[in-house]
Structure formats: structure tokens, C-alpha cells
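S.K.: Here is what each chain is made of, one letter per residue.
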Amino acid sequence: MRRAALGRDPTLVATLVVLWSLLALFVVYPMVVLLGRAFVDEGAPSLGPLLSVVGDPHHRKAFVNSLLLAMLVGVFGTLLGLLFAFAATRASLPRSWLSAFDAITLLPLISPPFTTSIAIIFSFGPRGLITHDLLGLTGTSAYGLPTTLLSETLTYFPIAYLTLKPVLASIDPNVEDMAYSLGASRRRVFWTVTLPLAVPGLANAFLLLFAASLADFATPLILAGNAFPVLPTQAFLQITGLFDFKGGAVLSFALLVPAAVVYLLQRHWVARSHYVTVTGKVGPQSGYKGTTPLVRGLIVVGCVLVALVVLYFYALLLFASLVKAFGADNAFTLAHYYAIFSEGWRAIRDTLIIAAIGMPLGGLFGVVVGTLIARRDFPGRDALEIVTMINYALPGTIVGIAYLIAFNDPPIALTGGAAIIVACYVFRYSPTGIRATVAQLQQIDPSIEEASQSLGARSGETFRRVTLPLVLPAFFAGLGVVFIRSMTAISATIFLVSISWTLITVRILENMTELSLGPAAAFSVFVVLAVFAVTAGVSTLLRRLKAPGTAPISVFGT
Amino acid sequence: MSEAVGVRIEAVSKRFEHRVKGEVYAVKRVSLDVRPGELVTLLGPSGCGKTTTLRMIAGFEMPDEGRIAIGDREVTRVMANDRNVGFVFQSYALFPHLSVFENVAYGLRVQKKPEPEIGRAVGEVLELVGLAGYERQMPHQLSGGEQQRVALARAIVFRPRVLLFDEPLSNLDAKLRVQMRGEILRLQKTLGITSVYVTHDQEEAMAISDRIAVMALGEIAQLGTAEDLYHRPNSAFVAGFIGRATLLPGRVIERQADRTTVEVLGQRHAIVGDQDAVRVGAAVRLVLRPEALRLAPRAGRGLPGVVGARSFLGEKTEYRIDVGDAAVLVASDAEAFKIGDPVDLRLPERGLRLLDEPTS
Chain A
1 MRRAALGRDP TLVATLVVLW SLLALFVVYP MVVLLGRAFV DEGAPSLGPL
51 LSVVGDPHHR KAFVNSLLLA MLVGVFGTLL GLLFAFAATR ASLPRSWLSA
101 FDAITLLPLI SPPFTTSIAI IFSFGPRGLI THDLLGLTGT SAYGLPTTLL
151 SETLTYFPIA YLTLKPVLAS IDPNVEDMAY SLGASRRRVF WTVTLPLAVP
201 GLANAFLLLF AASLADFATP LILAGNAFPV LPTQAFLQIT GLFDFKGGAV
251 LSFALLVPAA VVYLLQRHWV ARSHYVTVTG KVGPQSGYKG TTPLVRGLIV
301 VGCVLVALVV LYFYALLLFA SLVKAFGADN AFTLAHYYAI FSEGWRAIRD
351 TLIIAAIGMP LGGLFGVVVG TLIARRDFPG RDALEIVTMI NYALPGTIVG
401 IAYLIAFNDP PIALTGGAAI IVACYVFRYS PTGIRATVAQ LQQIDPSIEE
451 ASQSLGARSG ETFRRVTLPL VLPAFFAGLG VVFIRSMTAI SATIFLVSIS
501 WTLITVRILE NMTELSLGPA AAFSVFVVLA VFAVTAGVST LLRRLKAPGT
551 APISVFGT
Chain B
1001 MSEAVGVRIE AVSKRFEHRV KGEVYAVKRV SLDVRPGELV TLLGPSGCGK
1051 TTTLRMIAGF EMPDEGRIAI GDREVTRVMA NDRNVGFVFQ SYALFPHLSV
1101 FENVAYGLRV QKKPEPEIGR AVGEVLELVG LAGYERQMPH QLSGGEQQRV
1151 ALARAIVFRP RVLLFDEPLS NLDAKLRVQM RGEILRLQKT LGITSVYVTH
1201 DQEEAMAISD RIAVMALGEI AQLGTAEDLY HRPNSAFVAG FIGRATLLPG
1251 RVIERQADRT TVEVLGQRHA IVGDQDAVRV GAAVRLVLRP EALRLAPRAG
1301 RGLPGVVGAR SFLGEKTEYR IDVGDAAVLV ASDAEAFKIG DPVDLRLPER
1351 GLRLLDEPTS
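First to last, the sequence lines map onto chains A and B. Sequential numbering from 1 applies to the first sequence in the working numbering. Sequential numbering from 1001 applies to the second sequence in the working numbering.
Possibly wrong hints are sitting among the right ones.
Calculated from the model, a selection of chain B residues having no Cβ within reach of chain A, i.e. all distances over 10 Å [what the hints assert, rightly or not]:
id, residue
1, Arg-1083
2, Gly-1086
3, Met-1206
4, Glu-1318
SDA-like cross-link-like pairs, simulated, lysine to any residue; straight-line CA separation at most 25 Å [said to hold, decoys possible]:
id, chain 1, residue 1, chain 2, residue 2
5, B, Lys-1021, A, Pro-379
6, B, Lys-1021, A, Asp-377
7, B, Lys-1028, A, Asp-377
8, B, Lys-1112, A, Pro-379
9, B, Lys-1112, A, Asp-377
10, B, Lys-1112, A, Asp-9
11, B, Lys-1113, A, Pro-469
12, B, Lys-1112, A, Ser-447
13, B, Lys-1113, A, Glu-461
Ranges of calculated distance between the beta carbons of each label pair, as one might list FRET restraints [as the list claims (entries may be wrong)]:
id, chain 1, residue 1, chain 2, residue 2, range
14, A, Leu-195, B, Ala-1174, 24 to 32 Å
15, A, Gly-380, B, Glu-1074, 28 to 36 Å
16, B, Asp-1210, A, Gln-443, 35 to 43 Å
17, B, Glu-1124, A, Leu-468, 26 to 34 Å
18, A, Arg-543, B, Ala-1174, 36 to 44 Å
19, B, Asp-1210, A, Leu-468, 37 to 45 Å
20, A, Val-18, B, Gly-1022, 31 to 39 Å
21, A, Leu-182, B, Arg-1136, 40 to 48 Å
22, A, Ala-536, B, Arg-1136, 29 to 37 Å
23, A, Val-18, B, Arg-1186, 43 to 51 Å
24, B, Glu-1074, A, Gln-443, 36 to 44 Å
25, A, Arg-543, B, Leu-1217, 28 to 36 Å
26, B, Gly-1022, A, Leu-195, 54 to 62 Å
27, A, Gly-380, B, Leu-1217, 33 to 41 Å
Hints were generated in silico from the structure; no laboratory data involved. In this text, a Cβ means the ideal position worked out from N, Cα and C, and glycines have one as well.
Can you make the complete structure from the sequences, with help from the hints?
M.R.: Here you go:
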């Protein structure tokens, strides 16, 4: 469809008007209000608020800490991810091992926030299983950089694994065998062939982890403690503790700058420089000879250890949810589960209602935008793509504060209701559905839509009869992501809950601050199980719906 | 059946932005008049603009200049869904989520035809393309040839006024291609639907077309029947694209009535037949068709040549005859000549074409 045709396609025009209105209201407007709050003082543009924040040593420290933490999480998470990716693609492990690794690395991705934090407190706190019971230490603190780093690394390294696995898998082993047959030693092959080919993937993984850690709000809130302030928690405390919206806005802006830099780096530098080593037909592959049995053994042992730590944390969580008071009274009880389904029931109900409203909206939004981006040529298409990515790419704290400031007062007062939480989910988590739709459509011959057109169908009818059924898998993938995020996200929505509408994740946080860790653990177990069930259900559905001849879509997008 | 209508393309152009070359013409002032019921083929190498022209007739692309009319109706700015044109895609473009029946019924459902009529029409057309009984199959269960038949059935079931084919056979193997083109021709003649057919395969074009438009660089190089193009090409490009030809440089020595004498490779040769307007003294090129040339053992009658290469193809034997610097392709019934044999290359008197263009 050419530009010239825009005027004669009323459906397209109407769709674009609706989309842009929604994006203007829920993406552009909150950001403008946020920046306005940060840079306008008493009606005049001013750098005063920014300078006062920069001048505050505590805030400066939070900024430096955030970057330091993100850097370390990026490095360690990428290394762990590389370890697992190498084991998965180069250690010729049996299939059952690979499935086990995949399942274990999936756990942190679908868990609510605080999951590892709770387990770390159980392990390393003053009465921790490891520090107190095992090592006999007293007066230990579970707070600070080391535990925050450990928790975030274990939470986010699966992102690096998922990024690096296809990168390593796409390196044709024949290339490595070639270097080997040319006389290079195994170590030399790794350093001169495998690693250089994986560099773009490593950089990508590092940046993704850096961004994830920078945006992480829940982990430092629990584990960082007073000695190690970071930006997202500072912004949160500024608003909820001091009701200082302006200070929160300025701190958000301080967070926005590195996040935007990382996002742009990731998008424009890494995304472009990837190598394709599989050219033409891949010949028969001999077993990979690049590792000695010893190295291979060490790698597998490393992976197993990490996997055991992850499993240990989740086992601990399950255990804590089933005993009266972890560490003090280890008698079996279902009281915590009773609690979450009685006094905690409202949070579960609210969460499910909001998810139920957000899922179809988010799924549809993803499919419509994805179809427009992949299939139509119209003025402002690139702008549309970028604007739909903004809320997704920004740390949740920024989005939450922007929504809070923008929709707190007339003309558009939405805070306190369910609508603002739904809107937050739809515009923050639909990019996965958008990208899944684009990926799906790229595999489908564009002539199919032209065929429908030549058979007399108008563009709306073509979308309904042909495009929509074909992108149904992407629709369900988008739906699944909105569900997972409504069950697990907190950084944005913590600012948007109210007396009338609350969320499971927020209840977990409240439980944590009240030190009622049992219900917090029970909630977490419930969320993990619910998300696991829905993920499995959606994955099965996706395999069923897969159009013949197209690659399957992951719930986690691409 | 409704009355067949013609398709008229007037000075249609389509430009696009090239990354390196800037604005270039994909199609440049192309005019074409397809008569009612006729099958015209757009033939040319890839990138010659044939598919773009076809897509503009379908309404998938809008021309930057010019007009397109189907019958009496100008459709230049009409959307594709409003043109009543059947399109058969190179990739078939079957709806993968719909059964054979639903694929074929699609156009009728869009027109909101009553159910019994849909059932009857789809049944008839599946019968016509030889797929009765396939109604419940899904596209991915079908072979390439069967998918092609479904695509064909889907394009004709709603009685379009014009049928457009975009290289419909290029994904089939050679044998099936020959069979399917016979069926397409039979269907087109039975239904009498005006058709435009795009292909890069000259044999296919010659086999099915009423007329052929040979395209090059976005323009129509020559329009005519297969016989016209073969015997009377108007350019070296057409001569080389339709059938095979060796071009030899020559000079017109003398002209009288329908007899023209040319000098070629140092010898005089008389040609019988109309040669349009070649002037005496003009530099020309002779179009030599391999099967029109004859070989004889060297006896001083004809162009003196030496056998440079030989391949035995069964029906014919193909020789490359070196005459001085020129290499001439000859398809001969004689199998006996060996590489290095001196031969006489005899040019025919009739059916030789002179191109009034200097060697470039």
C-alpha cells in the first residue's frame, strides 16, 4: 500500500487516528508532564530542581551506585549467561539436561519481584539458614551491594542466556572445526574464532542486563538498605515518603538519561553488527572439538552449581510458605495460604480483574500496531514504532511517576482507578506482542493479503478474515506477556495502586515491610505457579495455532 | 458469462527511489491494448518492469503517470478490491488457515453470495481445474501443482473481467510446467477471459500467448505474435530473447523490390523478402537462427568456417562454427562433423532478418 492510497483507505485513517490519540494520551503526555515538572520551576523553565538534586550528595551517591550496580550485574550476568549458553550449544549435553537448564533459567523470568530477595534474607539474614544456622554467625546483615548484586544477577542472567544461546548456536561449528584443522589449539579457537563471533551478542546481553538492573526497583528496595541507595528507590521514597513530586520527577530524569543511552546503544550499535556464519547449506557436523573433557566438565559443573542455587532459593521460598515462622518455628502449616486467600484475596481478585481487562486490549493493540508496521506504508510509520516502544524501554519507575503526576489532577484524573493500571500494562507491555506480530508477518507472504484484496475484500475485511487469523499466535503471545507482567511487575504500578485497587506484587511488598515473610512467600509461590501454568497453556496453544511453515513464537518475544 | 472486455494501458509510468541511482523508472510510458478475450504475455528478463506493469493493472501499485482502463471504466485510481480482477500469484498466496473450499469461496463470501450459490460455484470451478474431492484439504497438504490449481480456481470463481498471471508456473518442475500451461490456456479459452500473463520464459510465452509484449528496461521493446517476434524481430534484444540467434555485422550493397544484397564476412549474400526500410550502404546486422543455417563439407560455397565446438542433443547436433573472428551457432541434423573440420556455412535466402542498427 503506497502513500498515495492513504486517502482512499478510510479504515487505515480511522485506525491511525485512534492509535495516535491513545499514544498521545498514555505515552507522550505523561512524559511531557514529567519533564515539565522536572524543568519548570514556578512557571519558568529552570535547571534549579536538577541542580539541587545534583548538589545533594545522597542523590549523587544514588546515581553512582545505580550505574555501579548495573555495570556489575551486566558483567556477572553476561558471564553466567555465556556459561549456560556455551554448555547448551557446545557441551553435547543430553536433551533432558538442556530441558532442565531451560526450565530452571525460566523460573527467575516468570517470578514476582522479591522472590530471590526473600530467599536471600532467609539465607543470609541475622537468623539466616546459611549465616546463622550453618555458619553460626551472629549479627550479620543481608543488606548492601553484595546481596543486591547476587539477587539481581541470579534474576537477570537468564536474559543473557536467552540472548547468547541463539548467537552461539548460529556460529557454524564447521567454522570452528576449520580453525581447529588449521592447527589452532582449542583455547586459540575459542579466543580467536568463537568469542569474536559472539562479541555482538555479548555486548547486547550486557546492555540488556545493564538496563534491567538500572530499572530494577524491587530488589534494591528490599536488599540495598540505607547504606547503598540507588535511583529508582530514591525516587520512590521521595514521592511516597516526602510527597515531593518534583524531586521524584528530577530523579526519574536522572535515571532516564543512562537508560536512554543504553537503549540507543543497544538498538543502533549492537543490533546492526551481527555476523552470519551459516551461509548456504550447513554440512554434516562432527562433534564440537573446541573443549577438552576437563573444560567441558568444569563448565557443566558451574552450570549445575548455579542451577542448584536457583533451585535452593525456590525450595526455600516454598518451605517458608509452608511453616509457621521460618527459622523460629518450622512446624508445617497452611495458614499463610489461608491468609492470602482470605485477607489477601482482594489483591488476587483485583490483579486478575485488571489482567483480564488488560490482556485482550494489550493483545489487540500489539497485533494492530504490528500489522501496520510490518505491512503498511503510511506517513509517520517510524514515529509510531518508536513511540510505542517508549514506555517499554523506560525504567518502570519513570513510567509510574510520569503516570502518577500526569493523571493525578484534572484535566485527566485517573489515579485511584483500575483504568490507569490497565493503561500502564497495555502501553508498557504490548511491544512484545508488536514484535511477535512483525516477526510472524515477516514469515507470511505479503501476496496473501493482496490476494484477499484482489478478491474484493476491503482493508478492514482483509485484516479480519486473513491477517488476524494468521497473527493469532502473536496475539496470544502478547496476551500472555500482559498476564505475566500483571502478576509480576511492580516498579511502575506501585505508584498507581490505591485503596480501591491493589495488586499482588504490592501486597507482597507490604508483607515484606511488615516482616510477615510467610504470606509474602505464599503469595510468591502462588504467582510462580499461576504464571507457570499460564505460560505452559499459552505455549501449548501457540504450538497448536502455528501456521504451517512458520517458526513458533515464544511467549517472551524475540 | 459476461461479455469479455479489453484492457487499455496508456503511457503508464512508475518511478521508484533507488538507493544508489536516485529516481529510476520501473515502468516508462508503457502503452498496451489488450483485446477482449485475448491473452497477452509480458515477457522479459527480471527487472524489466513486467511485474510492476501487471501489479498496476491489478491495483496493487498506483502509476505515477498514465491511465489504465478495464473495458469502458477508467480504473487508474480505483482500489484493487474494486477492480473485479482475478490475480494468480507466483507464490500462489493461498490462505494457509483456510481449506481448499474456503480458499476458493473467499471472493464469493466477500461478495456475500448466498450459501447454496457458493457451494455450487466452488464445486463447478474445482471440477473445472480437476480438484473435485479436494474441498476439505488444507493448502499445506497439497503438492505445488495442486496449490497452483487452487489459486487458479480462486481467481476465476467470481467471474472476474480480467485475469492476471504473475509467473504462475515458475515454482513448478519442468514437466508440470508444460502440463499446467496447457491447462491454463484451455481454461482461458473456455472462459474467454481477457488475460495478461507475466513470464521470463520465452518458450512458455510462445506456447500460450495470442500476442507477446517483450519488455526491457521498463519499456515495451516489441509487441506481436510469437511468429512476428521470431521472424521479424526489430532489435537485437528481441532477436536474442525470442529463440536463439547469432548476429553478424553486414552492409547493404543493393536493393531491388523484395531482394536485398548484403555483404557479410567478406561475401555477398542475397536475401529474399521484405526488409522494411534498410538503406543501401547502411550498416546492418543479420539475425541468424541456428536451425535455419546449413552445414556442408568445405567446397567453397558459403561462408568458410571451422567446427569450433560440438554438442550432440539427440534431435539435433549443435555446432559452433568459427568464421574468421565470428562464432556462429548452428543446429543441424548432420551429426558427422568433428571439431576442427573445415565446413561451408550456408545462409538461407528466405527468412533472414536484417536489423537496421549498427554494431555497438
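S.K.: All hints are to be evaluated individually against the structure, with a verdict given for each.
M.R.: Do the hints match the structure? See the list:
For B:Arg-1083, the shortest C-beta to C-beta distance to chain A comes to about 8 Å, within the 10 Å cut-off, and the non-interface label is violated. The beta carbon of B:Gly-1086 is not kept farther than 10 Å from every beta carbon of chain A, the shortest such distance being approximately 7 Å. Interface exclusion of B:Met-1206 from chain A stands, the closest Cβ pair being 27 Å apart, more than 10 Å. Interface exclusion of B:Glu-1318 from chain A stands, the closest Cβ pair being 33 Å apart, more than 10 Å.
Our distance criterion of 25 Å between C-alpha atoms is met by B:Lys-1021 and A:Pro-379, whose separation comes to about 24 Å. Only pairs whose Cα atoms come within 25 Å are accepted, and B:Lys-1021 paired with A:Asp-377 is accepted, the gap being roughly 22 Å. For the hint linking B:Lys-1028 to A:Asp-377, the alpha-carbon distance of about 23 Å falls within 25 Å, and the restraint holds. Taking the CA atoms of B:Lys-1112 and A:Pro-379, the gap is near 33 Å; set against the 25 Å cutoff, the hint is violated.
Restraint check for B:Lys-1112 and A:Asp-377: the C-alpha separation of about 29 Å exceeds 25 Å, so the hint is violated. The hinted pair formed by B:Lys-1112 and A:Asp-9 meets the criterion: a straight-line CA distance of about 21 Å does not exceed 25 Å. Annotation: proposed proximity of B:Lys-1113 to A:Pro-469 holds, straight-line Cα distance about 22 Å (limit 25 Å). Taken as a hint, the B:Lys-1112 and A:Ser-447 pair is honoured in the structure, with Cα atoms around 23 Å apart against an allowance of 25 Å.
The hinted pair formed by B:Lys-1113 and A:Glu-461 meets the criterion: a straight-line CA distance of about 16 Å does not exceed 25 Å. Between A:Leu-195 and B:Ala-1174 the C-beta distance comes to about 48 Å, which lies outside the given range of 24 to 32 Å. Between A:Gly-380 and B:Glu-1074, the C-beta spacing of about 31 Å keeps the proposed range 28 to 36 Å intact. Hint check: B:Asp-1210 to A:Gln-443, Cβ distance near 39 Å, so the stated range 35 to 43 Å holds.
Our hint of 26 to 34 Å for B:Glu-1124 and A:Leu-468 holds, since their Cβ atoms are close to 30 Å apart. Remark: the range hint 36 to 44 Å for A:Arg-543 to B:Ala-1174 is upheld by a beta-carbon distance near 37 Å. Range check, B:Asp-1210 to A:Leu-468: Cβ separation about 41 Å, and the 37 to 45 Å hint holds. Take A:Val-18 and B:Gly-1022: their Cβ atoms lie about 37 Å apart, and the range 31 to 39 Å holds.
Evaluation of the 40 to 48 Å hint for A:Leu-182 and B:Arg-1136 yields a failure: the beta carbon distance comes to about 57 Å. For the pair A:Ala-536 and B:Arg-1136, the beta carbons lie near 32 Å from each other, so the given range of 29 to 37 Å is met. Checked against the hint of 43 to 51 Å, the pair A:Val-18 and B:Arg-1186 passes, with Cβ atoms roughly 50 Å apart. Look at B:Glu-1074 against A:Gln-443: about 38 Å separates their beta carbons, and that is inside 36 to 44 Å.
Roughly 49 Å separates the CB atoms of A:Arg-543 and B:Leu-1217, a value that falls outside the hinted 28 to 36 Å. In this structure the hint that B:Gly-1022 and A:Leu-195 lie 54 to 62 Å apart at CB is violated, the actual value being about 42 Å. Checked against the given bound of 33 to 41 Å, the beta carbons of A:Gly-380 and B:Leu-1217, roughly 35 Å apart, stay inside it.
The structure fails hints 1, 2, 8, 9, 14, 21, 25, 26 (numbered hints given earlier, in ascending order).
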